[in-house]
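A.B. asks: What follows is the residue order along each chain.
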Amino acid sequence: MSTRVGVITFPGTLDDVDAARAVRRAGAEAVPLWHGDHDLQGVDAVVVPGGFSYGDYLRAGAIASLAPIMTEVVRAAGRGLPVLGICNGFQILCEAHLLPGALVANAGMHFLCRDLELTVENAQTAWTRDYTAGDRLTIPLKSQEGRYVADAATLDELEGEGRVVFRYAEPAPNGSTRDIAGITDAAGNVVGLMPHPEHATSELTGPSADGLGLFTSVLARVTA
Amino acid sequence: MTQSQVPVDSVKHAEATPEQPQPFRELGLKDDEYARIREILGRRPTDAELAMYSVMWSEHCSYKSSKVHLRYFGETTTEQMRSTMLAGIGENAGVVSVGDGWAVTFKVESHNHPSYVEPYQGAATGVGGIVRDIMAMGARPIAVGDPLRFGPLDADDTGRVLPGIVAGVGGYGNCLGLPNVAGEVVFDPSYAGNPLVNALCVGALKTEDLHLAFASGTGNKIILFGATTGLDGIGGVSVLASETFDSDSGGTGRKKLPSVQVGDPFTEKVLIECCLELFAAGLVVGIQDLGGAGLSCATSELASAGDGGMHVDLDAVPLRATGMTAAEILSSESQERMCAVVTPENVEAFLAVCRRWDTIATVIGEVTDGDRLVITSRGETVVDVPPRTVAHEGPVYTRPVARDDAKQDALNADSPETLPRPETPSELRAEILRMAAAPNLASRSWVTDQYDRYVRGNTVAAHGADSGVVQVDESTGRGIAVATDCNARFVALDPYVGAQLALAEAYRNVATSGAVPLAVTDCLNFGSPEDPHVMWQFEQAVRGLADGCAVLGTPVTGGNVSFYNQTGTTAILPTPVVGVLGVIDDVTTAVRSGFAGADGDAVVLLGT
Amino acid sequence: MARVVVDVMPKPEILDVQGQAVTRALGRIGVSGVSGVRQGKHFELDVEDGIDDETLHRLAGSLLANPVIEDWTVTRL
Amino acid sequence: MARVVVDVMPKPEILDVQGQAVTRALGRIGVSGVSGVRQGKHFELDVEDGIDDETLHRLAGSLLANPVIEDWTVTRL
Ligand SMILES: Nc1ncnc2c1ncn2[C@@H]1O[C@H](COP(=O)(O)OP(=O)(O)O)[C@@H](O)[C@H]1O
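Chains as they are written, first to last, in the working numbering: chain H, 34 to 257; chain W, 36 to 643; chain Y, 1184 to 1260; chain C, 1184 to 1260.
Hints are computed from structural coordinates only; laboratory data are not their basis. For clarity, every value in this text was computed on a predicted model and none was experimentally measured. Be a bit skeptical, because a hint or two may be false.
Interface residues of chain H toward chain W, partial, derived using beta-carbon atoms under 8 Å [stated by the list, open to error]:
(1) Gly45
(2) Gly84
(3) Glu105
(4) Leu114
(5) Ala140
(6) Phe144
(7) His229
Heads up, the beta-carbon is just placed ideally off N, CA and C, and yes, glycines get one too.
Based on the provided sequences and hints, a complete structural model is requested.
C.D. replies: Shown next as structure tokens:
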């Protein structure tokens, strides 16, 4: 039986089709999950994809974090279910307090869509086992509110526990604190990042296929 | 604000008060146009009717100055050119078949003036409007583009207008989840105070899913869905508001309603998904987007394209402002709304799909026997008209056309031969540096980095490539390429040849990506049609473009005309932006721009 | 030095996209008793004592608000 | 029915890029005497009379503001 990875659609989610495609390319079955349901359909992992859920009105991810499906995601994450938040999904996970800190307006204040290099800092999480620490990935960043912020104590804790998973290889173009691009929770099953690995799963439609590793990593974890 | 006691200007009231003066001139109608409305109706129009006729007979909606010229596109389209065309000029957007049962629809439209007044919202709602045009054909929008023109970087308004427009195009398109794959950024002094914001959208559909806008089948229901209707974008029609009417700000009446609209891309994104689900479930007989002229346009166009009449009850329209008059409801340009015709047995299923997407949907009327468009408000008939007279039988002008010989000859005499040439290596160096730093040649990444080009994962080429290339069918690799171009300085020198050069450039940009060019759309941005020299530019450009299309065998499937682009009495450079769409059987074979090969590859220059 | 507050709100006849979204969210999370929310911008300015009200209003209307779609109030704290 | 205002501001330690951009623009348009601008959000709520302050504070802190990055005040008009 193949691994089943859920992909949530909120009103205003945009990158669910891409995330589902990345899941399939990695060899798993993509299971659509609906924001208004209280049902994770027994999936082995969940992707919270990018977009502008609820228009990102109020604050990016704020309204989506209150959706019925998120109650289930929070509960299942606590029991170790692998959860990946990409871009708006990362924002939603922070608003739902699954990950610490917050994402605020880019330093340049504009939406920024650019291919850039990420360094893998932690290859032990559910979503990064197929990488090696120090790997460089070319992946698109596309967001308006992608600057990661947290108080100093939280940042020190994240660094101290190796919970910074991805860092921008060049100075963060969005002004992200300590060039942080992605982080994980203490248990290593919940990961959030601003750049879009699902847009880097084929040379034809992306800058590289470097992003596929996140989706294959979780298969190994689930079947292990 | 309380529900005010504005007397309803009903048809009955209009019949009883034939001499009541009406502000038709303030609404932009000429004396003879007003007389013609009275003749059509056999009485004075009601306020609501006057509002409808005045917006629908405006230059923007009726093409009254351009119609006689645009006919030339039809006259020069051959049977062979028509063979791949499933819908052409006159529909919301042109549709061409691209093989394997797929069809593609695309169109470019202007939102110039609103973008000057409120750059962010003007540009944003420009994107929103063209996307709804594409949806109204039954298609899924798959890409957008944005040919833009600004005054010089240091012109007074550019610092305000350019960042706002770019943020608006991005803000709306990014939130809709449509990759931005093509466009232009051009600077010229003639656009100072009159930037051009043209928005392009491409959609894809299976040929059997093509939807055309018409209301037929007596008893079929008219459903308005999407956003609520408010006081935004009413603009000129405010003169019809009663003086006795209290506004929120107290006692001044609603004399000056804003003419700008505010976009809500989130609502539109949900509307797209909702529409696609409705199409897939076969719940839609006919559909029309609400754009310029709002319900006036949608109801009269749906009714005149159908085979019966239509009754609409304005009391059913969900409003977001209190005390709106019938004229205001009919003229509101509130965004993110669509109007569908649905058989009675499908209404419940239709509403259920809308509920799933949190989209407000309301039955506002039905298709009737007979041939009148009847609109009621608070129990009274406020509109009773033959719909074709509103939508299609507006005034047609044959404006004077005259080449201003003195001006045109002087322009052509001022040739580049007289310009100084760099003579020494250091002069050449300075010249190259000046060119590299020129806004018209510099990198566009400050603009294009604000646009999502990846969303939906089908973008094969976008900014930096000669044309945007987007995969349509993942299983076969079938895709499309699209490019827009126009060098308005060439058009100013010779509008006939200049329009052909714009066509040839866009055509080449599509062809060099490996696609076969199939169809053309255009956005004809010109000065005042009341200036005979501008009309001459317009006529020449249309003829040049049409003749060029005939030679290349690619039909013009749709487009848009924007007149009155001028600062004071000075018109912009004539700017017929041309978009070309091509098909590519397998996007993996698309040719990328730039030197991608190995060292030692030969570089070949083709052409003359 | 004085502290000045400028509040900018969408005009009543202009669609308040953000406020609507918040109002709907309230319903979804089961908050009752709040019937409508409107959202605007709140600016806090540090202003030298010599700056008069007219200057502040000009500043607000040209930089902080877009008079075409927004209203604003200026308050000295 | 009461009107309640909630003002939400970025915490002082969070870089306020929008406020900074406004501050820079002041210089460009030649306004002097305004030394710093901070930008936040302004909400106006229509609230039923039965709703107490505690409920309002909870609402503000859980929905209208994100306590990780923002401070807020609640004012009854
Ligand atoms: N406003 C815009 N929106 C999207 N793409 C744009 C825009 N302006 C320019 N581009 C893209 O940038 C690239 C270069 O544009 P341009 O300088 O006009 O070159 P050319 O017309 O010679 O192809 C093209 O891929 C074009 O589609």
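A.B. asks: State for each hint whether it applies.
C.D. replies: Hints, one by one, checked against the model:
1. Gly45: This interface hint holds because 5 Å falls under the 8 Å limit.
2. Gly84: Status holds, d = 6 Å.
3. Glu105: Result: violated, 19 Å to nearest chain W Cβ.
4. Leu114: violated, 25 Å
5. Ala140: violated, 14 Å
6. Phe144: Holds: closest Cβ of chain W sits about 5 Å from Phe144 of chain H, inside 8 Å.
7. His229: Holds, because the Cβ-Cβ distance from His229 of chain H to chain W comes to roughly 7 Å (cut-off 8 Å).
Violated hints, in rising order: 3, 4, 5; the structure is consistent with all others.
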